[in-house]
Amino acid sequence: MIEILKKTWWKYVTVLILLYVLIGGLLVPLAPGIASIYPINFASDTAVEFTFTGYNTHFQDAKDLQIWFKNGTEFYCADKTETITNEKAKVTFSFPFRNTQKLIGTNFDLVINDNQDGTIHLGDAVTVLPHQPADSTTDSSALKPSCEHAASITKLSHFTFPYREILYQSIRNTFYHVPMWFAMMLILIFSTVYSIRYLNKGNIEDDIIASQAVNVALMFGALGLTTGMFWATYTWGKPWPNDPKLNGAAVGVIIYLAYIVLRGSLTDEIKRAKISAVYNVFAIVIFTLFIFIIPRLTDSLHPGNGGNPAFSKYDMDSHLRLFFYPAVIGWCMLGFWVLSIGVRIKLLELKKSSK
Amino acid sequence: MSKIIPFIISLFLSISAAAQGEQTSSNLMRSNLKIYVVVGVLLIIFAGIIVYLLALDSRLKKLEDNSN
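Those protein sequences? They're chains E and B, same order as listed. Residues 0 to 354 (numbering that gives the first Met the number 0) make up the first sequence, in order. Residues 0 to 67 (numbering that gives the first Met the number 0) make up the second sequence, in order.
Excised from the complex, chain E in its bound form (with noise of 0.2 Å):
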């Protein structure tokens, strides 16, 4: 292994990856949404001009530009319909009194469709208000009710990644706060390998290899916790919301810092590497466990968690795989580089002390 490690070629490979994932996840634009719309709510028996701006949009370019508000399975037809620019429109809306008392209180979405932009939606766009007396101008004739929806939901053939409220641009911390974990991860998985392989056999070196795995690891822990609450800050109001993953991992982490302290506690160089290699099976059960099975049991934040699974088509669309793979492998083998320069320092320092 520390054959495979010392070589160069690999490191390249790492850069190259690392660089793709970089530059690509970085450049490829947004697919086109609907960023505001005003007002955000309406009396029902009134008409009302909404204004919305949609981002990265062509509604001036486009042809057919469609606009409808859903709610529930229900389309309704907007009554006039007018664009300013390509991310700027008007539309005109009122909906008839008899209708509403089922309705007042609800959210509409707005849906629009054009051959340019695909079909893009806005949920829980517009309110409901109860109706006003003063304000019974419409002329109910105008009105109505439910119109069909023509079936023409057009797909995008633009390389893009897929707009979401909320998360907008951050979208991209995929490529970059996730694959912290899996890194994490995999070299926690390797470390524990190399422990079982020193119970085995009593070779000091896989002793080496193992510590410096965990260290790295922890290198990667600390990152993906405080890349995630510099994320969350921004997406789920707070640092650190009360989520069980968030917790778990807190917990995974801490249980390694106990490895390193571990270690620091003891002297004797044999007793060290045989007492901290079976904390360190016992501790890859416990992460585990904390990141992987108790999140699962409960609702949680994180996609992937609460009983559903992770990389679902809601979380990840074929445009993000195309880097987010990528990403976990070149994280993933610069952690390995990193480890492996860790690991030569402490091989030299046996070599000395042993002389």
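Don't take each hint at face value.
Straight-line Cα separation of at most 25 Å, DSS-like style, residue types lysine-lysine; simulated pairs [as the list claims (entries may be wrong)]:
1. B:K60 with E:K6
2. E:K5 with E:K351
3. E:K351 with B:K60
4. E:K79 with E:K69
5. B:K61 with E:K351
6. B:K60 with E:K350
7. E:K69 with B:K60
8. E:K79 with E:K89
9. E:K89 with E:K69
10. E:K87 with E:K69
11. B:K60 with E:K5
12. B:K61 with E:K5
13. E:K237 with E:K200
I should point out that these hints are in silico values taken from the structure, not numbers from a laboratory.
Given chain E, put chain B in place with the hints provided.
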């Protein structure tokens, strides 16, 4: 212990950076569809790797000093 200290320092540095971001640059972070959140995450990763490399460097330096 020498291995834990850089870990803890990097942890606190980035926590305090994140806490500062909350107060002073909250608008910056939310501007341009939150692209600066990605910039921040990349800076944290860069800083973390540099801190780890500095720790490795100091150990190698100690080894070199002893061999002379």
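Structure-based check of each hint:
Taking the CA atoms of K60 (chain B) and K6 (chain E), the gap is near 23 Å; set against the 25 Å cutoff, the hint holds. Using a Cα cut-off of 25 Å, the hinted pair K5 (chain E) and K351 (chain E) holds, with the two alpha carbons roughly 19 Å apart. With a C-alpha separation of about 14 Å, the suggested pairing of K351 (chain E) with K60 (chain B) holds against the 25 Å cut-off. Taken as a hint, the K79 (chain E) and K69 (chain E) pair is honoured in the structure, with Cα atoms around 16 Å apart against an allowance of 25 Å.
Taken as a hint, the K61 (chain B) and K351 (chain E) pair is honoured in the structure, with Cα atoms around 12 Å apart against an allowance of 25 Å. Using a Cα cut-off of 25 Å, the hinted pair K60 (chain B) and K350 (chain E) holds, with the two alpha carbons roughly 16 Å apart. Using a Cα cut-off of 25 Å, the hinted pair K69 (chain E) and K60 (chain B) is violated, with the two alpha carbons roughly 66 Å apart. The hinted pair formed by K79 (chain E) and K89 (chain E) meets the criterion: a straight-line CA distance of about 8 Å does not exceed 25 Å.
Taking the CA atoms of K89 (chain E) and K69 (chain E), the gap is near 17 Å; set against the 25 Å cutoff, the hint holds. Distance check on the hinted pair: K87 (chain E) and K69 (chain E) sit about 20 Å apart at the alpha-carbon level, within 25 Å; holds. The suggested pairing of K60 (chain B) with K5 (chain E) holds, with an alpha-carbon distance near 20 Å, which does not exceed 25 Å. Note on K61 (chain B) and K5 (chain E): the hinted pairing holds, with a Cα-Cα distance of about 22 Å set against a maximum of 25 Å.
A threshold of 25 Å between alpha carbons decides the hint, and for K237 (chain E) with K200 (chain E) the separation of about 48 Å lies outside it, so the pair is violated.
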